[in-house]
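Engineer: Listed below are the residues making up each chain.
2 protein chains.
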Amino acid sequence: MKVTLSLLQKASKQIDKYALYVPKSGTFPKGFKIATRATGVKKNGNLDLGILRNVNTSRPSSAAALFTTNKFKAAPVLVSKEVLEVTGGANVDAIVVNSGCANAVTGEVGLKDAKSIANLANEKLGKQNATLVMSTGVIGQRLSMDKIVPAVSEQFDTDAFRDDFEAWLDLAKAVSTTDTFPKLITSGFKLENGTEYTLTGIAKGAGMICPNMATLLGFIVTDLPITPSALQKMLRSATDRSFNCISVDGDMSTNDTISMIANGAVDTDVIDENSKDFAQVQSQVTEFAQQLAQLVVRDGEGSTKFVTVNVKNSLHFKDAKIIAESISNSMLVKTALYGQDANWGRILCAIGYAKLDNLQSLDDKKINVSFVATDNSQPKELKLIVDGVPQLNMDESRASELLTQQDLEILVDLGTGSEECQFWTCDLTHEYVTINGDYRS
Amino acid sequence: MKVTLSLLQKASKQIDKYALYVPKSGTFPKGFKIATRATGVKKNGNLDLGILRNVNTSRPSSAAALFTTNKFKAAPVLVSKEVLEVTGGANVDAIVVNSGCANAVTGEVGLKDAKSIANLANEKLGKQNATLVMSTGVIGQRLSMDKIVPAVSEQFDTDAFRDDFEAWLDLAKAVSTTDTFPKLITSGFKLENGTEYTLTGIAKGAGMICPNMATLLGFIVTDLPITPSALQKMLRSATDRSFNCISVDGDMSTNDTISMIANGAVDTDVIDENSKDFAQVQSQVTEFAQQLAQLVVRDGEGSTKFVTVNVKNSLHFKDAKIIAESISNSMLVKTALYGQDANWGRILCAIGYAKLDNLQSLDDKKINVSFVATDNSQPKELKLIVDGVPQLNMDESRASELLTQQDLEILVDLGTGSEECQFWTCDLTHEYVTINGDYRS
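Protein chains in written order, with the numbering used here: chain E, 217 to 657; chain X, 217 to 657.
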């Protein structure tokens with residue numbers, strides 16, 4: 217019992233994430249409007265339906281998306297995928313998202329339900345193939361169409377759409393499931409032409425988070441003008457470096473979707489893959505997606521720690537990523553982090569069983585492993601392994617000090633090349649087990 | 217809080233595993249003797265050193281072993297591996313095992329320590345390269361040689377070796393770490409010649425259990441006469457179907473070793489790969505290894521459930537195993553089992569993200585998934601997915617009934633071929649997190 221109590225005491229020191237990570241105001245891209253509603257699908261009466269509309273009419277919008285690679289794709293994934301294939305990403309003007317029920321593994325009826333919702337929104341928009349649908353929540357249950365369909369209709373019929381800060385925050389709330397805070401970020405950026413554009417992103421966590429396009433629901437909107445193909449290319453690259461580099465529990469969901477709509481409401485030239493600004497936009501979007509993805513890890517189910525796993529100087533990028541992923545997914549590493557136990561042997565162990573693409577990437581005589589402080593405390597780097605030699609007399613009290621902090625970096629220097637990969641993970645806690653042991657109840 | 221309490225109440229119904237799985241007597245192979253000791257390496261004063269000796273002198277013994285594939289092999293693994301390479305598995309007459317400290321990631325000093333212990337035993341035996349060493353416990357700490365060395369000497373010098381039931385049970389206790397019960401099984405078998413032989417197996421769990429030669433410490437001894445090469449072949453095959461088909465947490469340790477010594481104390485002809493009895497012995501040893509491996513899962517850290525994952529009718533064996541492993545390792549499946557939540561969507565989801573070798577092995581129109589009762593209750597099989605169609609109106613109360621039982625089978629019929637794989641896993645519980653959050657404290 218002593219053990220349990222000490223862990224619970226540690227966990228109770230948990231900070232107020234809502235206060236830290238939820239904005240209190242913001243500027244949003246021009247030409248988007250939002251309506252949200254509590255339809256009753258969520259038993260607790262919270263918001264569970266959101267509609268995001270592009271209302272800019274100056275030019276056609278561009279949309280892009282990446283979907284789960286799970287063999288059992290949920291109905292909304294299949295429907296949204298088809299919309300993008302048919303339209304090539306042009307003229308997609310709405311996202312309808314519900315939480316509380318994932319409409320996954322629901323067979324033909326589930327597919328029909330998802331299509332009905334998309335068609336209803338299309339009808340209200342007076343267009344065809346203009347709506348993406350997303351669902352999140354319990355797998356293997358049908359959508360309550362009696363609740364969702366009238367709610368979607370009503371939002372359009374009463375023109376419930378708004379574009380103030382509260383509306384955006386409500387949209388982030390409407391996609392949440394076990395999230396402890398809504399995930400909304402917004403950021404402006406300027407291109408060389410001097411014009412300012414805005415990016416806004418919303419995501420939901422917080423379980424079933426695993427690398428390899430195995431993420432969550434997330435969408436990013438911007439008022440930048442860009443072609444659909446350039447947008448798709450940009451989103452793919454940004455996702456590979458953000459949502460595909462996070463781990464909560466190693467499970468990949470049937471519903472994971474990251475989508476992006478750019479409506480071009482800011483009146484400048486349309487950007488394509490060959491534009492001189494493309495690289496800058498790419499880098500802006502990647503950094504933005506990383507911030508959004510990191511929020512998902514910060515709210516990993518039951519988590520008390522946010523850990524950056526930085527694997528550098530690898531012979532190959534792929535192996536840096538495989539090693540970072542192996543550490544990030546290890547249940548033993550994650551429980552040690554929770555227990556604030558400097559059990560760095562488990563980190564080594566997880567590196568050792570990573571299934572590398574090229575064995576040369578890992579040389580047990582060259583590897584260096586450290587804990588790195590994320591605040592200004594000194595020494596910044598606490599070396600655990602130096603050129604393959606374990607530091608058996610390392611400063612345990614400094615290690616404990618670093619492990620009591622909410623943010624921590626694990627640095628692995630492979631010393632075999634010059635590639636690197638950053639990964640973000642969290643700890644595994646009693647609360648994770650509680651949340652997922654009784655999720656459907 | 218309500219959620220947590222309900223889970224804790226469920227967990228408190230846990231049965232007395234010690235009473236169920238620990239034998240109270242047994243017959244053991246001829247010609248082996250054991251000494252055990254509490255050296256003080258384990259802070260709680262429990263047994264932490266065991267020596268198993270072959271004392272049969274009628275012919276040379278045969279030994280075989282399989283070791284972890286982790287890149288960072290612990291010192292005892294490197295030492296034992298070398299002994300088998302040098303001797304070809306002939307004339308290995310002792311296993312010295314300690315618990316409480318794994319002597320892993322301890323560099324050159326660790327290697328020197330492991331060699332010293334092996335050499336000390338060799339000296340006492342009056343032979344060279346006759347001792348395998350095994351260690352289990354915390355990674356990254358040096359062995360307390362001041363405690364272990366005199367204890368090993370004393371066992372030989374005072375001839376503390378015995379062969380009664382208590383001695384064997386003490387050996388199983390001496391290799392335990394977080395195990396809640398010692399794992400000792402023994403079984404006789406007859407060959408066509410009418411002679412009876414005995415197999416005795418000891419294993420320790422209970423965390424860091426993952427497929428792919430990622431097991432634990434385990435050893436099996438027998439009085440059967442068999443050549444070293446036939447023994448190695450047999451152990452490899454048995455391990456692939458037993459210790460490589462279990463999962464507790466998906467972590468693969470630096471120390472995993474399964475070894476076997478056959479001393480030929482029963483005076484019959486020596487068996488080799490071409491003997492007519494080889495197939496029968498192979499099958500006996502495989503079944504025996506499965507029983508021993510299953511005990512490790514039954515004692516998975518903090519577990520309350522024992523789950524057989526049976527994937528059948530696969531196009532390829534490898535894909536059946538990959539799917540079984542994916543279900544067995546899923547944290548979401550494991551927490552749902554703990555919560556006795558019939559959240560079968562998570563099973564489908566874990567099948568869907570399995571990284572198959574051949575995509576043809578999984579056809580989403582042909583897959584059948586069921587819960588299968590392991591007692592005599594009816595209906596024995598509760599169908600969740602039939603030919604790819606989810607049974608949305610399946611009998612939830614029967615599902616809950618099946619999930620309250622300690623033993624459960626998940627049956628996946630892929631319908632694409634005729635290969636099959638059985639895997640054994642356990643649930644993920646609050647207690648797992650407690651044990652692994654504070655392991656070193």
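Errors might be hidden in some of the hints.
Note that identical chains are pooled: a pair holds if it fits in a single copy or bridges any two copies.
In silico DMTMM-like links for lysine to aspartate or glutamate, alpha-carbon gap of 20 Å or less [claimed, not checked]: (1) Lys259 <-> Asp557; (2) Lys599 <-> Glu324; (3) Lys596 <-> Glu324; (4) Lys258 <-> Asp557; (5) Lys258 <-> Asp623; (6) Lys259 <-> Glu408; (7) Lys287 <-> Asp557; (8) Lys258 <-> Asp386; (9) Lys233 <-> Asp573; (10) Lys246 <-> Asp603; (11) Lys287 <-> Asp579; (12) Lys363 <-> Asp373; (13) Lys599 <-> Asp380; (14) Lys328 <-> Asp580.
If you're looking for bench data, these hints aren't it; they were derived computationally from the structure.
Engineer: Are the hints correct? Go through all of them and say.
Structural biologist: Here is what the structure says about each hint:
1. For the identical chains of this complex, Lys259 and Asp557 are inter-copy neighbours only, at 18 Å across copies versus 39 Å inside a copy, given an alpha-carbon limit of 20 Å.
2. Taking CA atoms no more than 20 Å apart as the test, Lys599 paired with Glu324 passes between copies only; the shortest distance there is 18 Å, against 56 Å inside one copy.
3. Taking the shortest Cα distances, Lys596 and Glu324 never come within 20 Å of each other, neither inside one copy (56 Å) nor across copies (28 Å).
4. For a Cα distance limit of 20 Å, the shortest separation of Lys258 from Asp557 across copies, 18 Å, qualifies, whereas the shortest one inside one copy, 38 Å, does not.
5. In this homomeric assembly, Lys258 and Asp623 never come within 20 Å of each other (Cα to Cα): the closest approach is 32 Å inside a single copy and 33 Å across copies.
6. Proximity of Lys259 to Glu408 under the C-alpha cut-off of 20 Å is found in neither arrangement, the shortest distances being 49 Å within a copy and 66 Å between copies.
7. Proximity of Lys287 to Asp557 under the C-alpha cut-off of 20 Å is found in neither arrangement, the shortest distances being 38 Å within a copy and 23 Å between copies.
8. In this homomeric assembly, Lys258 and Asp386 come within 20 Å of each other (Cα to Cα) only inside a single copy, at 15 Å, whereas the closest approach across copies is 55 Å.
9. In the homo-oligomer, the alpha carbons of Lys233 and Asp573 never lie at most 20 Å apart, since the shortest distance is 38 Å inside one protomer and 42 Å across protomers.
10. Taking the shortest alpha-carbon separations for Lys246 and Asp603, neither the intra-copy value of 53 Å nor the inter-copy value of 48 Å comes in at or below 20 Å.
11. In this homomeric assembly, Lys287 and Asp579 come within 20 Å of each other (Cα to Cα) only across copies, at 9 Å, whereas the closest approach inside a single copy is 36 Å.
12. Taking the shortest Cα distances, Lys363 and Asp373 sit within 20 Å of each other inside one copy (16 Å), while across copies they are farther apart (81 Å).
13. Taking the shortest Cα distances, Lys599 and Asp380 never come within 20 Å of each other, neither inside one copy (49 Å) nor across copies (49 Å).
14. In this assembly of identical chains, Lys328 and Asp580 lie within 20 Å of each other by CA distance solely across copies; the values are 18 Å between and 55 Å within a copy.
In this structure, the hints that do not hold are numbers 3, 5, 6, 7, 9, 10 and 13, in rising order.
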